[in-house]
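Dock the two chains into a complex; use the hints.
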Amino acid sequence: MLFNTIDFAAFFPIVLVLYWFVFNRNLKFQNIFLIGVSYFFYAFWDWRFLGLICLSSIIDYFVGLQLGKVGGNRKYWLCFSLFTNLGLLGFFKYFNFFIDGFKDVFMLFGQQIQGTTLDILLPVGISFYTFQTLSYTIDVYRSKIEPTKDVLSFFAFVSFFPQLVAGPIERASNLLPQFQIPRQFNYERSVDGLRLILLGLFQKMVIADNCAKAVNNVFDNYESYNGSTLFFGAVFFAFQIYGDFSGYSNIAIGTSRLLGFNLMQNFNSPYLSRNLGEFWRRWHISLSTWFRDYVYIPLGGNKVSKPKWIRNIFVVFLISGFWHGANWTFVVWGMMHAVFFLPLILFGRNEKGSLIADQGKYFPSIKTIMQIGVTFLTVVMAWVFFRVENMSQAYGYFEVLFSESLFMSPQISKGMVLFLFVYMIFEWHQREKKHLFDFDFIPLKSVRYILYYALIFIIFYFAGETQPFIYFQF
Amino acid sequence: MKKLLRHIIIFLLPVFLVWFATELFYRTTPNNFTYKNKQLKAYYDTAETIVFGDSHAFYGVNPEYLDTTTFNASNISQSLYFDKLLFERHIDSFKTIKQILITVAYTTLSEEDNKLDLVTRKYFYQNQMDLDVPLISAFNPRKYSLALSRSFRKTADLIGEYYEKGTLVTSHPNGFLTTNTIERSSNDLDRVAKIVTKRHEDNLLDFGKNTKRLQSIINACKQRDIKVCLVSFPVNYRYVKLVNSDKVDKMYATCNILAKENENVTYINLFEDNRFRDEDFYDANHLNVKGAEKCSKILNVLLQESK
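So the sequence lines, in the order shown, correspond to chains A and B. Quick note on numbering: the first sequence equals residues 630 to 1103 in the numbering used here. Quick note on numbering: the second sequence equals residues 806 to 1112 in the numbering used here.
Honestly, the hints are just simulated from the structure, not real lab data. No incorrect hints appear here.
For the chain A half of the interface with chain B, some residues (derived, Cβ under 7 angstroms), not all of them:
#1 I635
#2 W649
#3 F814
#4 Y816
#5 F1089
#6 Y1090
#7 A1092
Derived DSSO-like pairs: lysine-lysine, alpha-carbon spacing no greater than 30 angstroms straight-line:
#8 B:K1046 - A:K842
#9 B:K808 - A:K1062
#10 A:K1043 - B:K999
#11 B:K808 - A:K657
#12 A:K1062 - B:K807
#13 B:K1052 - A:K842
#14 A:K842 - B:K948
#15 B:K1065 - B:K1017
#16 B:K1017 - B:K1055
#17 B:K1017 - B:K889
#18 A:K1074 - B:K807
Some residues of chain B that are not near chain A, with every Cβ distance over 12 angstroms (derived):
#19 A847
#20 T851
#21 Y870
#22 E893
#23 I896
#24 D918
#25 D937
#26 V938
#27 L973
#28 T983
#29 T1016
#30 A1025
#31 C1034
#32 N1049
#33 S1050
#34 L1063
Here a beta-carbon is modelled for each residue, glycine too, at the ideal position from N, C-alpha and C.
Just chain B, with the same shape it has in the complex (with noise of 0.2 angstroms):
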């Protein structure tokens, strides 16, 4: 047996060598998660306003077009989840906010705090986020090494990547998508609209966990006399006929009670507004840089209203 160990130890070594290297490139190399704390950080003394989010949030929220200081803290996949424990973590240390905006899609109401797109991202968010992420066990061994929680393949892409181009990082100083142009995704919206809707329909009807994470920001917003924004952003048309309406109906409904029961509380909803055409989009529900610009400056004028 003693031979046995000393010949995998041996025979591991250059395996054990690569997941070595792969971690020093997780550690080392900044990305979006890292970006976005250290610019979390670098807004403490001057953000009025800060915006959580998913992905329609990162495309859509361009601060440049609003009055107020801005960071956008948005990020792909960014679930409620995540937004709570951010704010949480940081609301604090903010000197001069006074408004946050919340991403409310489609999904953000049902969403599962463990769905498959979270899986790997959430050991990013408890590593390079300084966040206590309490889905991930103490004896989850990817809890310490970010070079086990995502494939080989993809580590290798993202290698490539930051030789290619020089950086991982995608977001503007201010928090929004820097790759955000206004190309389109592909011209068959169609088509695209279908496999979206199919890949966020997950059969849940369920709101109660994340709008008692929402009520809860809300509170403490209330406390410390901060506005909540709640924003449900465009998109595409093909997108709306698509999804199911009775749960569009109930995000709505939930929203607007929200925004009913807290005074602090407004509720933005462009989800089927129709100022928003195709060449707005980059793909079935998210803007592109051009989308992005108007919905920003609807944005920006609604919230000088609600004030």
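Pulled out of the complex, with its shape left as it was, chain A reads as follows (with noise of 0.2 angstroms):
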């Protein structure tokens, strides 16, 4: 079931109105709800899969309350997660691909070799609650959390319908207690979710949706463009991305928020950073924040010699690549962001200051300007490898982007150009807000309204043609 299709629209009010006013007397039934509709939701797409998120959620529970005891194999139950949730991910997501792989270097040296690739479908989301599992396990091994014996609790975090099949990939620290405490309606805090919720329609709709379409024209048919109109259609591949996933994950924000849960943050205006480090800062920060405290620091972050910082860079920015797909043009698209990354370690730039440029100024100042122009074509580039289907697509893409076509006038809606600039526009004039839709400086009632009134008509009259979540292959 997608957010923005009539179908949640009247699955959701439904959900609102039993959790709060049928189940909300006793916790265990509000739970075994949200269990149901979770399930439920996820049953929309496909219920062959529903057994998977069982399995895993099975597997961690009891291997939590294993590494919860004193003493004990505590690392072969950890072993025995991780080999679990990362088995199933590899099979579903990678046995194909490495199998190629292998007929491709047997190849190298002469050898054919046979190798049946498989037809398997890539359950949704499978990559996203395999690492919020894995996170409590190894949490709860390093004691930073207890070990749940509230079973319904657990089943709940691990299925909850608003982040399961595209996060944000939430932290058992973080979610995992709210689900064992009575939620409490908030007025406030669930009207700010419902302007989330007008958020991420309005950027899944209007701006990725409408990106959409013109990216594919000129990915599929790049050769027949001149080099400016692919310059064009990686911008938009960057914005399609970006309403895309933002989109997405403030609804998840929004919709929990009615529930009564806080989800964390997942982008952050990722387009005006100001070097590649903040704009990691600023982009599914709960992935990154999640190789951070899972694989970066465990190999010593930035507390060892340079070139092991290096290596340390190098290994999450290629992980994180092959965590998207298995397919090379994300190991490159990672690899990518590492290179880029270097100048930050080796000048000694990846301070971690403040994410708010030119704070308290209206306009920014032209070294900033400078600062958000480079890094933001630096991703675009990237995108590029993340948009392709293959490695001599992409050197193809380049070949034509690269060439004396650049600066030729290029073939794409001029009035889209527009809208993306007056929108990041906007975005800068709410960066130091809670979000793009806290309208809260305006303070006539009937101003706010008329607003969010001609938000509503702008995505249902300028809303593409539905296009899946980009995330959801991931």
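Here it is in structure tokens:
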């Protein structure tokens, strides 16, 4: 069930009413209800993979209990959890990739080996809930959190429908306790949740779905366009993936707020970043911090020698690329980010300064504009690898992009470029607010209402053709 | 929570009003679905030939040039799935029916039931052509609301078109497309052909499901002593050059086998017919009014011969 469909518009109000008016008296019933509707939500795509979520939940619940015992084979239990979760992920996501890879390697040495690839369907959201359950077992192993004995809360934590299929990838330390205490309805928080849902729908239906049409056309026919069109094709893709994923996250966070839950922020105006380090503190924050906590820091993080620090950066970005998909293009995308990250390390520019550029100022300084521009262009170029189907298409795309035709007039919608530019100005204006649709600075309620109606009209009127969420494929 | 619900309902009231007005518009304004449905029924007593199929037939068969009393029941993007539903819904009501024409275009036999083009159209077949479309689940809200089935922009465009032209119907009483003129959609047929073939290419060579569907129509016609004529309509040579030739060959072979194995079936293949030149086409794969006249006259002769 997609968030931007009529199915969800019918499903969610029913869930909400039952949740607050029928099941609110008993925490257990409320959690059972949440598990039920979450499984229904998932089954709407494919009920056959519900078993995987169940299996993952059962294994990690019991592993958690074992890890909570003093002494014993804690390490083995952690390995068991890692092996089964990553094994399932590996089988469904990477089996064919490795079979093909092995065949290619043996071919290089003149050997031909038989290896059958399988017609495997990728279960929606497997990368997301696998990482979420792993964070639980690892945190219990590290004694950062206590294992839960409440099986219903744990199952609800793994399958919580707003963030089940595309995140944010929540930590057990943040989300699990919220299932263990009675939820309190909060009017202000719920209204803010509705604003986030509106923002998410705007980002997905207006920005992402409209960009998608242009992007598909340019990437599918890149040989017939000039370099400047391909450049804008890549820029449009940057906005498509941003609108798509940030839109999904905002709807997930808004939906959760209406149910009385607080999820972590997943995007924070990433295209206003002044360097790549900042970009990764603003883009897919739940995944970036996951890799930071469970891969980067255990490897030594930045508390090691510079060569090792560089190695750690490369490892994280390569794994991150590979997490996105079983294709070399994603690995190259990760590698590109690692390479572009290097100057920040070598010149000591990866400081965690304020995320708000030119705080308190209305206009950005020239320096900020330059920094944002360079970072954006770097990210856009890397996105090309994310969008192409294979390396030869990437090569072909860049060959045309960096040809003389780069300086020709682009064959794209000028209105779309103007719209995206205005949107970025709006993001700049709102950069110090809670989120983009935080309109509390407008004192008149009637003006705010007019603005909301205008946004609803824009969403309905300018919505592009419905496209599946890009991150579902991961 | 009650306060929030109350506020949401009040806030959304104007949105519901717009939805209601849109629903009213769809339910009361005639369009090709309602009009063709009405005309199909009007031809119950007189039709000798019924034409099924997609836009190729809608653009290409002008019943005026056929000797038999003919109704063109084709429609834009009408797949074999809907041809069969329409056939089953109406066939026993036609009293003088002698033959049916079924379009077999490049995509017809490989077309999947739920392809994107049909996503919104299926609700109109359900609601406005009196069909029970099994593709639509009973739990799907769009089954009951046409306003939900189309984007708001499309609806606004349709309302604009209605107020500008006074009608949404683009079908003659005999089912032929009224907007088909001598005009061409673009002078750059090479570019148009490239775009269209890319859009049409589904990379599917599995004809099983749709061949079964055709066979079932053929069997039903056999029982009723009705002839079936499968027609591959002319397309521009640029289109032929760009489509998958293996798939084209398979399309010919499938139709020829059906014609060979069923005595009530003939196959008229005009797909690569070189009598049709650039001036006969509206775009890369649809005939203009002149091409439709030529095509209909050729069909008329071939249908007479096959009697």
